[in-house]
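Peer 1: Chains S and V are the protein sequences, given in the same order. Residue numbering for the first sequence follows this note's numbering, beginning at 1 and increasing consecutively. Residue numbering for the second sequence follows this note's numbering, beginning at 1 and increasing consecutively.
I should point out that these hints are in silico values taken from the structure, not numbers from a laboratory. Heads up, a few of these hints could be off.
Pairs of lysine-lysine residues, derived as DSSO-like cross-links and limited to a Cα-Cα distance of at most 27 Å, are as follows [as the list claims (entries may be wrong)]:
{"#": "1", "chain 1": "V", "residue 1": "K220", "chain 2": "V", "residue 2": "K244"}
{"#": "2", "chain 1": "V", "residue 1": "K341", "chain 2": "V", "residue 2": "K259"}
{"#": "3", "chain 1": "V", "residue 1": "K44", "chain 2": "S", "residue 2": "K319"}
{"#": "4", "chain 1": "S", "residue 1": "K84", "chain 2": "V", "residue 2": "K9"}
{"#": "5", "chain 1": "S", "residue 1": "K319", "chain 2": "V", "residue 2": "K193"}
{"#": "6", "chain 1": "S", "residue 1": "K84", "chain 2": "V", "residue 2": "K47"}
{"#": "7", "chain 1": "V", "residue 1": "K18", "chain 2": "V", "residue 2": "K112"}
{"#": "8", "chain 1": "V", "residue 1": "K10", "chain 2": "S", "residue 2": "K84"}
{"#": "9", "chain 1": "S", "residue 1": "K84", "chain 2": "V", "residue 2": "K21"}
{"#": "10", "chain 1": "V", "residue 1": "K220", "chain 2": "V", "residue 2": "K255"}
{"#": "11", "chain 1": "V", "residue 1": "K134", "chain 2": "S", "residue 2": "K319"}
{"#": "12", "chain 1": "V", "residue 1": "K42", "chain 2": "S", "residue 2": "K84"}
{"#": "13", "chain 1": "S", "residue 1": "K319", "chain 2": "V", "residue 2": "K9"}
{"#": "14", "chain 1": "S", "residue 1": "K319", "chain 2": "V", "residue 2": "K220"}
{"#": "15", "chain 1": "S", "residue 1": "K319", "chain 2": "V", "residue 2": "K247"}
{"#": "16", "chain 1": "S", "residue 1": "K385", "chain 2": "S", "residue 2": "K224"}
{"#": "17", "chain 1": "V", "residue 1": "K44", "chain 2": "V", "residue 2": "K134"}
{"#": "18", "chain 1": "V", "residue 1": "K244", "chain 2": "V", "residue 2": "K280"}
{"#": "19", "chain 1": "S", "residue 1": "K375", "chain 2": "V", "residue 2": "K247"}
{"#": "20", "chain 1": "V", "residue 1": "K9", "chain 2": "V", "residue 2": "K21"}
{"#": "21", "chain 1": "V", "residue 1": "K44", "chain 2": "S", "residue 2": "K84"}
{"#": "22", "chain 1": "S", "residue 1": "K375", "chain 2": "V", "residue 2": "K47"}
{"#": "23", "chain 1": "S", "residue 1": "K84", "chain 2": "V", "residue 2": "K112"}
{"#": "24", "chain 1": "S", "residue 1": "K375", "chain 2": "V", "residue 2": "K42"}
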Amino acid sequence: MTRFKQQVVRFLPIFAILGPGIISGSVDNDAGGIATYSLAGAQFGFSLLWVLFITTFALAITQEVGARMGLVTGKGLASLIREKFGIRWTTFIMAILFIANIGTIAAEFAGIAAAFEIVHVSKFISVPIALILVFLLITKGSFKRLEQIFLVLSAFYLVYIASAALAHPQWGDAVKSLVVPSFHFNKNYLLTLVAVIGTTITPWGQFFIQDYVVDKKLSKDDLKIERGDVFLGSFITNFISFFIIVACAATLFIHNISINDAKDAALALQPLAGPFAAILFGFGLLNASLFGAALVPVATSYVITEAFGFESGLNFSFKEAPEFYGIFTFAILSGAFFVIIPFLPLLSILFWSQALDAVLLLPILVFVYILSNDKRLLNGYKNGKVINAVIIITFLLIAISSIAYFLSQFIT
Amino acid sequence: MIFVSQLIKKMVLMNDTKYAKVIDFGLPSKLQSPEVSTILLKNKRGKFAVPINEAKYQDGIFYLTKHYTSIPYNPDDFYLVEDLLDKQVIDITGKRMVRVNDVLLKENGGLKVTGIDVSFAGILRRLGLGSPLKTVTIPWSAVEAFDYQTGDIRIKFGKSNLNMLHPAELADILEEAGTKEREGIVEVLDIEKAADAIEEANSETQEAILEQLPSSQLSKILEKMQLSEIADVADDVNPQTFKKILKLLSTERAKRVEKLMLFPDDVAGGLMQVTFYKVKGDRTIGEILGELSKLQLQPESIIVTTYEDKLIGQVHANELINANPNITINKLVTKPFSVHKDESFSGIFRQFAHYNLRVLPVVDDDNNVIGAISIDAVMQRVEEEEERDDAI
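In isolation and in its complexed conformation, chain S is listed as follows (with noise of 0.2 Å):
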């Protein structure tokens, strides 16, 4: 007994910190995300993975620059943009925030809409009770227990890994995508490359891990660890990635099936779960919506208040904090009200709002830079090469795959 209590005390530092890098990369798998890695899979077959492969990498440096930058100031990405650039800056990428983190909540909430229509619960309906649903669950919930419940229900992604194995897709092929680039100029094909990326960095997601890494309290002396956990979680989260688009080509690819909605797009779990894929899907669409729909506003209330310093946190009370309730309010209010324009196609929302997170990250990916290479600020912690070199590629595939596709317009 006691020595089960040792050896637990001796891993307990190790759960605290372990954590940040996972839940920002879980949630990536989000509504937006089984949305566009289903619709790569179907409308692409593999030849997307090479994509999947470079924002792995991408994700994970994205993320340990935010953690380290955290670890090494003590501060929001929010504050150090405010300090360093003044107020116009911050004025300008926390509206740039808001309208991406507003597209994100509107894909949760299109994917609350979409999971409940495979069981033909129309959205007018099922909206409302998730708006509600989640403004009880941030303001009545702790936040604590919901992580875990989130994280453990995650789990549901694994069904993707058997499905694909059951489906007997080309392996070598798969494998040999993932390395070997293939690029169409085809607008679609740009369109969805575009997403893919914007799916898995997000914008809110870099302000998330490094206030979250600042709110534990973490410090310097954690950076080795914390690198494991962003490194893990991106691994984690791309691997999941790599197996939803496996298993969407190898089911509605190779039979020309075209997703039009969630169901089609569960299709992709029948080789494992058979009649039962479509609950299945819907099931794990909900949960990932649902964490997402409560995360990601108060996440947006979290870094705006810091940026322009006014009183924030759950602990206060709507008279105490108006601006922080205020803010997430709003934003879930808009987010809900895209979802439910009568002649907007959800999927249409999932995909767009994960390709507007991608350009959107552009300027975020600016000032990261930046502040990631101030030697005042970070002292002898500031970027390497490689991870430059990273962030300078992870711009420019965004960047350039946008703008082809913006002038893919006028060509065909």
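Using the hints provided, position chain V relative to the given structure of chain S.
Peer 2: Chain V alone, transformed into the frame defined by chain S:
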């Protein structure tokens, strides 16, 4: 009064030609004094600092003397834009609080830092947007230290410098402060100062403070507060807090508060104070002066009544001093004005404005004096009214 944000990027002329642009202001190293000592300029050749007295500020333009002294950059100097603006302001316990949205300067021949603007109005000003909001500043004297490592500004609301402030300034700070901060501020204030500051604060802040304070402190502060103010706040606080407040008051005062609460806010009865100095008409001036000095009271005006408590009128305190101490006070009554307890605010305001009053007695249906309205209460109501209009 001028804000740093309004001086940055201003043109610097030398011999009537454009020479440079203002980019920052420096204070002497280690923050020994709040006087700005250097001004940092920038032109095509680069940045350079000059003593502030060699750059005269007039009507939005700085005029640089011809043979100016260039001061080498000293990293120990404290620069207002570089080191102060946008930084986080934290209280002494290390809790996160607000940000420095602007820096307030005073022109006194040179320039002197007087405070930091922590309000949303400061953000709007720097974004070049006009703001109808009120600027709230923390006085520079409260700034304790600058943390060079993290770049945070530490402020300490020390007992002495807080108690030096005017209640209205304190009220501004309380309105803008965080929840925890408020408690700390009220804690170090003298009880009387705290009561005054709370009275001056807006109703949301009053509520928050009264709901938060521990009973022991609350009862001391309530003792010093005007009953009419307590009644006003009691309308807004939650029922539990209200019960707590009543319990902490003496039975006599609690009863009066409950009575006051029966009046709507915007009639005379809701605006009046119930503690005021009144005397019977047949007392002599000498007696009254003696009593006032014994009780250490300094009323602005003395309300004179008959033996049945019916109003006769009022006498301004100044008139007592010059009067023959042997005559009775009803001989001096010149202003027989009063309002009925149900009189509306506009009626009250008219009387104050028309007769130039400082105090106005309030009477009931039988002309019994039941309270008095002070000019302060009227002004405060006008101010609230304006704020409400601004908010719309």
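Peer 1: Looking back at the numbered hints, which does the structure fail to meet, lowest number first?
Peer 2: Hint check: 3, 13, 17, 18 and 19 fail, others pass.
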